[in-house]
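As given, the protein sequences belong to chains U and G, one line each in that order.
Note that our numbering numbers the first sequence so that position 223 is 223, with each residue one more than the last.
Note that our numbering numbers the second sequence so that position 279 is 279, with each residue one more than the last.
Hints may contain errors.
As the list claims (entries may be wrong) - Counterexamples of contact, computed for chain U against chain G with all Cβ distances above 12 angstroms: (1) K94; (2) A122; (3) T134.
What the hints assert, rightly or not - Which stretches of chain U does chain G cover? Using the computed rule of at least three CB atoms under 8 angstroms from a CB of chain G, they are: (4) 44–55; (5) 76–90; (6) 174–184; (7) 230–242.
Stated by the list, open to error - Taking lysine-lysine pairs in the DSSO-like style, the calculated list, with each CA pair at most 30 angstroms apart, reads: (8) U/K173 with G/K319; (9) G/K314 with G/K194; (10) U/K173 with G/K314; (11) U/K211 with G/K4; (12) U/K91 with U/K11; (13) G/K237 with U/K11; (14) U/K11 with U/K87; (15) G/K108 with G/K208; (16) U/K241 with G/K141; (17) G/K147 with U/K211; (18) G/K314 with U/K11; (19) U/K11 with G/K102; (20) G/K208 with G/K297; (21) G/K147 with G/K108; (22) G/K67 with G/K141; (23) U/K35 with G/K314; (24) G/K141 with U/K211; (25) U/K94 with U/K35; (26) G/K297 with U/K11; (27) G/K194 with U/K87; (28) G/K194 with U/K91; (29) G/K237 with U/K184; (30) G/K102 with G/K67; (31) U/K88 with G/K67; (32) G/K208 with U/K11; (33) U/K173 with G/K237; (34) G/K297 with G/K102.
Since the hints were made in silico from the structure, they are not lab data.
The C-beta atom is built at its ideal place from N, Cα and C for all residues, glycine as well.
As a plain string of letters, each chain reads:
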Amino acid sequence: MKSSQLEVNIKPLGDSALIIQLGEGINLTLHQQVKSLSAIISSRPFEGIIEFVPAYNNITVYYNPFLVHNSHPGSNSAYDKVSGHIKKISKQIKLDKKTDARIVTIPVCYGGQFGPDLVNVAALNNLSVEEVITIHTSSECLVYMLGFAPGFPFMGGMDERIATPRRETPRLKIPRGSVGIAGKQTGIYSLETPGGWQIIGGTPLDLFLPKENPPTLLQAGDQIRFVSITPEEYLAYEELKT
Amino acid sequence: MSIKILHQGLMTTIQDLGRYGSQKFGVIVGGAMDSYSLRLGNLLVGNMENEGALEITLYGTTLQFEKETLIAITGGDFLPTINGIPAPLWSPIVVMKDSILKFNTAIKGSRAYVAIAGGIDIPEVMGSKSTYLRASIGGFKGRALQKGDVLPLLHSNNLENENPITYNNNADNWSINYNELINFSKHQEIRVIKGTEFDRFDLESQHKLWMEIFTVSIQSDRMGYRLEGTSLSLSEKFELLSEGVTFGTIQIPPSGQPIILMADRQTTGGYPKIGQVISADLPTLAQLQPTATIQFKEVTLEEAEHAFIQNERKINLIKKAINYKQKN
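So here's chain G without its partners, still in its complex pose (with noise of 0.2 angstroms):
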């Protein structure tokens, strides 16, 4: 069992739920930008939520099934075909042996995920299949896919448990609501818990992080995203040692210019937090293209948590939907 890469397109590499535990020494955590749609991808395909998948930026990956597989695409849109049919999101799909899964270009969301039954058969590095590009560990070969690479995959009985769409027999057409979870419109309201150094800001600056719109630019990757706009100063300038930051952090470098940090993050920075986007919008963030535009809405670390919260107990929900589904 495998599948074959015939185009890489702009990025594609493997990645789970991250690779934890290993901060303290350097390690970032990395793994699935938006990790709902990983999460639920696995789920569709009977899978462990952090089981590795294929993550594809923005447009043009190309695979080819080995054997019959079941799989699940999931994250944004990017018009994709099997054999040249366009082919369903959120639903789990049996490809026939020999198909040509073709992802095009997004036009809705900028990261898909393809979830496949068993998942793929790479060894774990420091409790993680997700793929870190700048110490080339984890992942296939510590790398991005290339065109020529062959991915094994792991057994999976689910083929026979599932009730799946069988591709080209689509009668029983079913998929899940990820709506309430996210949100791919191109312009956001992103949720921020004010930061560590939030009122190390001058009074205007404090005032324009709620009130402008910031736009993510072209520079952005899983590292950080870059928003343009307005910029950001503190009251007077001082020196931060470098600590402990996460997902979601916004930190304004001598720019003034805000960074997101997102999941291939360093473990640590030196600069000020003025924010920190809420855990429940991440997906949604990294969902983003450049050019799309943001606008930050102040809640509260009880908001925060309760929308934590609610979203797991609807990923909990969603995953006993599947179950029942899968048996009958």
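Same shape as in the complex, but just chain U (with noise of 0.2 angstroms):
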């Protein structure tokens, strides 16, 4: 991934917001050009930008178009005023730049209260419960990007000898805490919410911090390592917080 340019395909997502798409897919380079142009677009601030939410391959940026009109010269629309400034910024990204991970290590209870569809994981795997946990533990996910709920992490990278459909009928509730699995795809609820991924454990950590900056623990480009803790250990943990 040479310092090339980097190809933005900008499309409306309404009157207020529109969508910067960079390619199609989940992969790593994907990833890198995601994160370096949200970079940029925190670095140019523009009069009229709200904020920016990255995804997988693509930015969805929002905007008031009043502001955007009213701030900027010409009698072009403010969707083309916005998208002007992000094709110019753009251009300025350095592709070959790298930036280090931050390594987040996650303890989690597997199995039992914390995680009922853990024997379930198993079975549909041809694998035992340990199995399942030593693969779980062993893989280096990465966290694409956060959404669905606050703080609730989009992992890929997760050994797909563990990767498992969805439940069929998804639960109504899931205790805050609980590491799933959907597809090829990990993740944790930050808040008790309905969900239909396949549940193998529980982290005693908060995901979700209102108090603080940034108000999550963890951040799109992280990487992830999950670390097998015993009910008592994960109990240690909820009295640390208290």
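Using the hints, put the two standalone chains together into the complex.
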């Protein structure tokens, strides 16, 4: 990946947002491009842009068309003004710039009350429960994006031997901290919500930290390592929090 | 200065214009469903447009004011009364000490707003007073208001500066005209721009989106409006990765029944997006009650932007008129 020009394809998401498409699918190259373009959008303020949301292969930019219209000269539309700005700054991207990933360790108590689907995930993949835990803890996972709920990491890179489709009937309540599998993805429920992922364990860590900045334990680009803990250790973590 | 909740009603929360800047962390925007009514209510009592106010849903909330307070009621018409006497909407009103403001059942719209001069004395969480129910943050203790709650108010000098309707002294009755901004009819033509996946739907579904009438389902809330009616389908199945969505995104889940994402939408979604309601029509959409009907009308991005800018200009004119009235 040399500093060749980034190919950006911009499309409107209504009258107050647009999507910058960088490619298709999930891969590390696109992830790096999303990260670089996010950094440059942050560092080049443009009156009227409110915020942006990076995803696997695109970035959604939210703006106020009235502010854009009033703050920037020209008779073209607010959409044209914002997309013009994005096209201009995307040319300044240095794609060969490598950033070091932060490594975050997540303690997980697998199975039992914390992981009601662990046995099922093992059976569906012709593995023992112990093998599923070993494979999950030796996977190098990457947080591609945050979404769905505050601090919920969409992670890729999990070993495909434990890939499992979502549950046919989603659960109405999944406890906060539940670690789940959906296809080749693994994720952690940051709040109690309904959900369809196969739950294999639980972490005592809080993923959403509304009083801190940034307000989430994990960030897009983080490398994740899971370590197996006992129910006693889980309780010890919980006690440390209070 | 405070307000006491005597009856909670169906659901009343504190909302401002939303929690921006944290969507990349998965934190929802939230905020008032009908942002125009919230902004006008705040302007009527001399607040900043984005001050937190009460958003009351469909029926039943009763409030009591500890001291003389300047308020404005905007949004849907729930036939509100103050001490049993009908209260005016879209006007600044002074309620006397110990007055009881009672909301009945909505005869027009589905959300009423009570803006209070000075604002509500609650902390901002991540830059907003909006209540984020699922995460239990913001608003009053992160939850909907309950009977017995006492909401502390911020001090305001506006009571002396204003020229409001003093309750029981309705001689100088004035109100603002919201008609060009929000429409409260039970059947609406809602303007829509084609969505990012519009072309992935079969031709019949593309056609039906503009031709059919959809009904707002009972299972509609601040997160999304579920629509009932004809089912819409893709030409062929494809997997869409999760990506950013916004207020007014019309997505089609596998059932084929559209869902319009509203104020409390998740930050990202993975269903194909057939359309996008234009921003200028969101307040009107947010005021629709369950069983109301919608027909979508296709407009261009340029028309949507124009409508957005025109409405901002109308709000600015109303703001000037209020300022003038309050000084004279």
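>> Tell me if the straight-line CA distance from U/K11 to G/K102 falls inside 30 angstroms.
In response: Given pair U/K11, G/K102 is violated - Cα atoms ~47 angstroms apart, limit 30 angstroms.
>> Given the hinted pair G/K314 and U/K11, is their Cα-Cα distance within 30 angstroms?
In response: holds (29 angstroms)
> Regarding the pair G/K147 and U/K211, is the alpha-carbon distance no greater than 30 angstroms?
Replying inline: holds (28 angstroms)
>> Just to be careful, I want the Cα atoms of U/K88 and G/K67 compared with a cutoff of 30 angstroms; is the pair within it?
In response: Violated: U/K88 and G/K67 sit about 56 angstroms apart, past 30 angstroms.
>> Please verify whether G/K102 and G/K67 have alpha carbons no more than 30 angstroms apart.
In response: holds (17 angstroms)
> When you check the alpha-carbon spacing of U/K35 and G/K314, does it fall within 30 angstroms?
Replying inline: Violated, at about 40 angstroms.
> Is U/K241 within 30 angstroms of G/K141, Cα to Cα?
Replying inline: holds (21 angstroms)
>> So U/T134 supposedly isn't at the interface. Is its beta-carbon more than 12 angstroms from every beta-carbon in chain G?
In response: holds (29 angstroms)
>> Against the 30 angstroms threshold, does the CA-CA distance of G/K108 and G/K208 hold or violate the hint?
In response: Holds - the C-alpha atoms of G/K208 and G/K108 are around 28 angstroms apart, at most 30 angstroms.
>> Please verify whether G/K67 and G/K141 have alpha carbons no more than 30 angstroms apart.
In response: Holds. G/K67 to G/K141 sits at ~23 angstroms (cutoff 30 angstroms).
> Are G/K194 and U/K87 close enough, with their CA atoms no more than 30 angstroms apart?
Replying inline: Satisfied, since the Cα-Cα distance of roughly 23 angstroms is no more than 30 angstroms.
> Can the restraint linking G/K237 and U/K184 be considered satisfied, given a maximum Cα separation of 30 angstroms?
Replying inline: holds (19 angstroms)
In the structure shown, a violation is registered for the earlier hints numbered 6, 7, 8, 10, 19, 23, 31 and 34, in ascending order.
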